[in-house]
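Undergrad: Spelled out from the first residue to the last, the chains are:
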Amino acid sequence: RKEVEQDPGPFNVPEGATVAFNCTYSNSASQSFFWYRQDCRKEPKLLMSVYSSGNEDGRFTAQLNRASQYISLLIRDSKLSDSATYLCSGAYTGNQFYFGTGTSLTVIP
Amino acid sequence: NAGVMQNPRHLVRRRGQEARLRCSPMKGHSHVYWYRQLPEEGLKFMVYLQKENIIDESGMPKERFSAEFPKEGPSILRIQQVVRGDSAAYFCASSPGPVLNTEAFFGQGTRLTVV
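Going down the list, the protein sequences come from chains A and L.
According to our numbering, the residues represented by the first sequence are 1 to 109, in order.
According to our numbering, the residues represented by the second sequence are 1 to 115, in order.
To be clear, the hints were calculated from the coordinates, so they are not data collected in a lab.
Any given hint could be a false lead.
[Stated by the list, open to error] Pairs of lysine-lysine, DSS-like flavour, derived with a Cα cap of 25 Å: (1) L:Lys62 <-> A:Lys79; (2) A:Lys42 <-> A:Lys79; (3) L:Lys62 <-> A:Lys45; (4) A:Lys42 <-> L:Lys71; (5) L:Lys51 <-> L:Lys27; (6) A:Lys45 <-> L:Lys27; (7) L:Lys27 <-> A:Lys42; (8) L:Lys62 <-> L:Lys44; (9) L:Lys27 <-> L:Lys62; (10) A:Lys79 <-> A:Lys45; (11) L:Lys71 <-> L:Lys51; (12) L:Lys62 <-> L:Lys51.
All values reported here derive from a predicted model rather than from experimental measurement.
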């Protein structure tokens, strides 16, 4: 069983649309969560940490639901430059830092 | 403050040779993680190290692969007697403390091609 499950997509959305990704995790001991974005053949770049209270950074909102063991990422007013693969990740005691396989997003003009 | 530096960016090795991949963490970071990524696949955890210690190597193949993070110098991922299946992108990430409490940042990766 994978530590983290993500819908691989692809998600194809028009510019200006709102899109949401979910990510479920299996280890209830997981304590820290993050969203990264990865452009083709590039390194993952940290998008945002996910806090229990939820957090927002411009057009991006991240949520954590511990009861259902999932995290989400909402992107509002999608831009062409948002096209990428979005990776959710988590860490738990012992500090192994694991990743989902990623969700592919393409924003269409 | 320079980011995480990996070198070489591209590495070509013949089957049976050794590959050495280097990762210099960000200044002030003492925690390093190595990942392998095959085309169209996710990041597979390999090993987590702190200075001079291997904390978790549960993702490392039992044979041919080793990693170190000496007191001085970069972290090294070593692959002995490479095979075609070792061809992949290898990324390292670093953090100033346990990732439970901080954030980790990635280097640009080393793309290993075994011919």
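Undergrad: Determine for every hint whether it applies to the structure shown.
TA: Verification of the hints:
| no. | hint | result |
| --- | --- | --- |
| 1 | L:Lys62 <-> A:Lys79 | violated, 44 Å |
| 2 | A:Lys42 <-> A:Lys79 | holds, 19 Å |
| 3 | L:Lys62 <-> A:Lys45 | violated, 29 Å |
| 4 | A:Lys42 <-> L:Lys71 | violated, 29 Å |
| 5 | L:Lys51 <-> L:Lys27 | holds, 13 Å |
| 6 | A:Lys45 <-> L:Lys27 | holds, 18 Å |
| 7 | L:Lys27 <-> A:Lys42 | holds, 22 Å |
| 8 | L:Lys62 <-> L:Lys44 | holds, 15 Å |
| 9 | L:Lys27 <-> L:Lys62 | violated, 31 Å |
| 10 | A:Lys79 <-> A:Lys45 | holds, 17 Å |
| 11 | L:Lys71 <-> L:Lys51 | holds, 6 Å |
| 12 | L:Lys62 <-> L:Lys51 | holds, 22 Å |
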